[in-house]
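2 protein chains.
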Amino acid sequence: MYISKLFIPILKNNPSEAKIKSHQLMLRVGMIKQSSAGIYSWLPLGFKVMKKIEQIVREEQNKIGAQEILMPTIQSSEIWKESGRYEDYGEEMLRIKDRQNREMLYGPTNEELVTDIFRSSVKSYKTLPQLLYHIQWKFRDEIRPRFGIMRCREFFMKDAYSFDITDEDANFSYNKFFLSYLRTFKRLDLKAIPMAADTGPIGGNLSHEFIILAETGESKIYTDKRIFELDSDDTELERNSLKSLREKFDEFYSVTDEKFDKKEFEKKVIEKNRLQTKGIEVGHIFYFGDKYSKPMNASVDLPGGKKDFVKMGSYGIGVSRLVGAIIEAKYDEKNEIMKWPISVAPYEVSIIPMMNKNDTSSLDKANNIDIELRKSNIETIIDDTDENLSSKVKKMNLIGAPYQIIIGKQTEGDLLEFKEIGKEPRKIKIAEIIKILKEQKAKI
Amino acid sequence: MYISKLFIPILKNNPSEAKIKSHQLMLRVGMIKQSSAGIYSWLPLGFKVMKKIEQIVREEQNKIGAQEILMPTIQSSEIWKESGRYEDYGEEMLRIKDRQNREMLYGPTNEELVTDIFRSSVKSYKTLPQLLYHIQWKFRDEIRPRFGIMRCREFFMKDAYSFDITDEDANFSYNKFFLSYLRTFKRLDLKAIPMAADTGPIGGNLSHEFIILAETGESKIYTDKRIFELDSDDTELERNSLKSLREKFDEFYSVTDEKFDKKEFEKKVIEKNRLQTKGIEVGHIFYFGDKYSKPMNASVDLPGGKKDFVKMGSYGIGVSRLVGAIIEAKYDEKNEIMKWPISVAPYEVSIIPMMNKNDTSSLDKANNIDIELRKSNIETIIDDTDENLSSKVKKMNLIGAPYQIIIGKQTEGDLLEFKEIGKEPRKIKIAEIIKILKEQKAKI
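Heads up: the protein sequence lines correspond to chains X and H, in order. Sequential numbering from 0 applies to the first sequence in numbering that gives the first Met the number 0. Sequential numbering from 0 applies to the second sequence in numbering that gives the first Met the number 0.
These aren't lab readings, by the way, just hints derived from the structure by calculation. No false leads were mixed into what you were given.
Within a straight-line C-alpha distance of at most 20 Å, the following computed SDA-like cross-link-like pairs (lysine to any residue) qualify:
no., chain 1, residue 1, chain 2, residue 2
1, X, Lys4, H, Gly64
2, H, Lys62, X, Met0
3, H, Lys62, X, Asp369
Quick look at which bits of chain H chain X covers, simulated, 3 or more residues with Cβ under 8 Å:
no., region
4, 0-7
5, 68-75
6, 108-118
7, 134-147
Glycine residues also receive a C-beta, built at the ideal position from the N, C-alpha and C atoms.
Please take these sequences and the hints and turn them into a complete structure.
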């Protein structure tokens, strides 16, 4: 695709209103455009990245047996009055009156609505567990929206809900999501660490935030460095294997601010392993038992004939926020180089021909390479503008396709100047390039 | 997938509140659940169908060179005041005050917001045409929501916008969408006819509604029967070819109620070709020139150095409504048989084993068939419940996978009882079944 035909409005300089690098880059390369305070439109470049993240999140939810649904954005206040949260939620809830003067609201989260769906449909323990999720826009009326899409008002979130009859089963469901989150963030090439966290307005007594390290993060964290070496590679979707995974992580002290206890930290973590830093919350999981099912009367028949309130958990991933979080983690601000993980890159290869008046040979070559790459399902962008080669490379360094092919004076015969973004170029044939790309993509 | 593990809450009887067959079926097989008046949650079965429709709509937009973006649901009133529609729009617009007391609204359509995006980014004719689209939730506060998701308040819509500098170019853009709509509806196995229509609150002087015939439709139409024989199979994405396509359709009288003129109808259409009936609007396209660009000052530099307001059109498809429209077109209410077009079917094959206590041989066979079909990327659902065979078939007739494999007493050796839903079964081998399914899917 020619960049001249794409809707990618690039700014010459960093916008002054942006305070953190994800916000800067997203405005700079036209990934988003603010429409009002804390509310953004996603332009083609940003949209492509967000959609790829959404798809990875979806696939990992499906793999643990969660079923996708879609709840509406506008909810009735009635169910929130049943749960008791309508008054509690405060001014962050966007409250609306419709033309019939009914009290409605824009969902900030969906515990009530999903409990209502569950109670009207499920009557027996036999069809449990149920894991339901949706990926939908939410609204929280932040008093001071800031940092672009990192702390905005309208945001795109995956929220899942589990329904079980015993604490043990509910824990099994919780652990499935725990694993699914580690896998999801890994595919996004992020090291997200689960930290024991407060449950806040969601409620319950068990909760983990998944946090990636970032100077610009708003979460303070206290952790044992060694937790970064853990992985979930050998874990299976099976009760005991998941239990071991949880235990492996629980061994290391790792908490957010609200859970921090200095004495405990110093007792449990020897000095050289202590890490106090900041991070970005990209996921949050909760177990809250019957906090919603009890007031909303969501019960099922048990094996013996009795009834009991169903035990629930909820599990969120900030899909739109992850776009910013990946930039915070990957953007080399000093050298103005963004390398998107290939799993979510808006384009996989940028083709940068040197343009000469009256000589289309470089562009012709670019077109031929483009055809070859697309035959192998490699996503490309061609910079067909008449800027000079160095400013085109700079632009492509910001757009962030992880690989570049430069077609200039150095290009001779079959050998192409190919480079990983920000690295030194090497001269190889197109077949070799395709091989490298395929290998990279196979790892996703 | 076992039906016992899925969240498909099926009702024994037709719900009494539903007046039209799409609403009946969607409640009956648990595709949707109402959460408040005119607002629905999409449960797994309904969600799967809607997602497949969305993807077909997306692919056909991409094929004509439209670029996908995503605008937010909540908009500021300011841009609507600029265009002059804030007061005009009336009570169907859901108006909201945020915590800072700013006037906001839930977007019923996006002409203003997309014009705002365009004017801040595009300055020159050189980057035109631009075709932008998004697929996003909209809200229209209907006074009397009814017919389930056919006339609801929160609905899922694809809306596209074109930007050009001359009327001729703008017409070319309009015709691209005209073609893309014919192709989209064809892939959904719907015969949707473009009818000259009023432009209503969108404005402009050129407009077509795409309408499918249905007794329960709310649009009255007057048309020449012969228009149903036209197709776009030979049309190419090229100026003259598209012009011919439009001319071919324009030859036949075909209008909605508001455009109807009895005299003209009787003059242009001989009696035996006249058709007066009802239909469902599934798409609507508009050309309105500078209606928004002028008051909102969206202009570009022209080749000679002058500036002019950009010429715009907009193009909508009701993605959520199409789920209902397909049911209205395809559901055999009398025999309670729904056959989904394979392009959007929630499952492609239902596997229906006869269950016996102490004998799992049918279920084992079902599992083996399931594995074989899934190897060929065929989507399956297994009815593993212990209901009798005839009620399982009835249930699967409602769920609507277009093909069924019944494993009962008639099943001998390699020969499986395979049938197109509602038709007579025949006994064939699994390899033959896979061949049939692949052929059907290749046509999409």
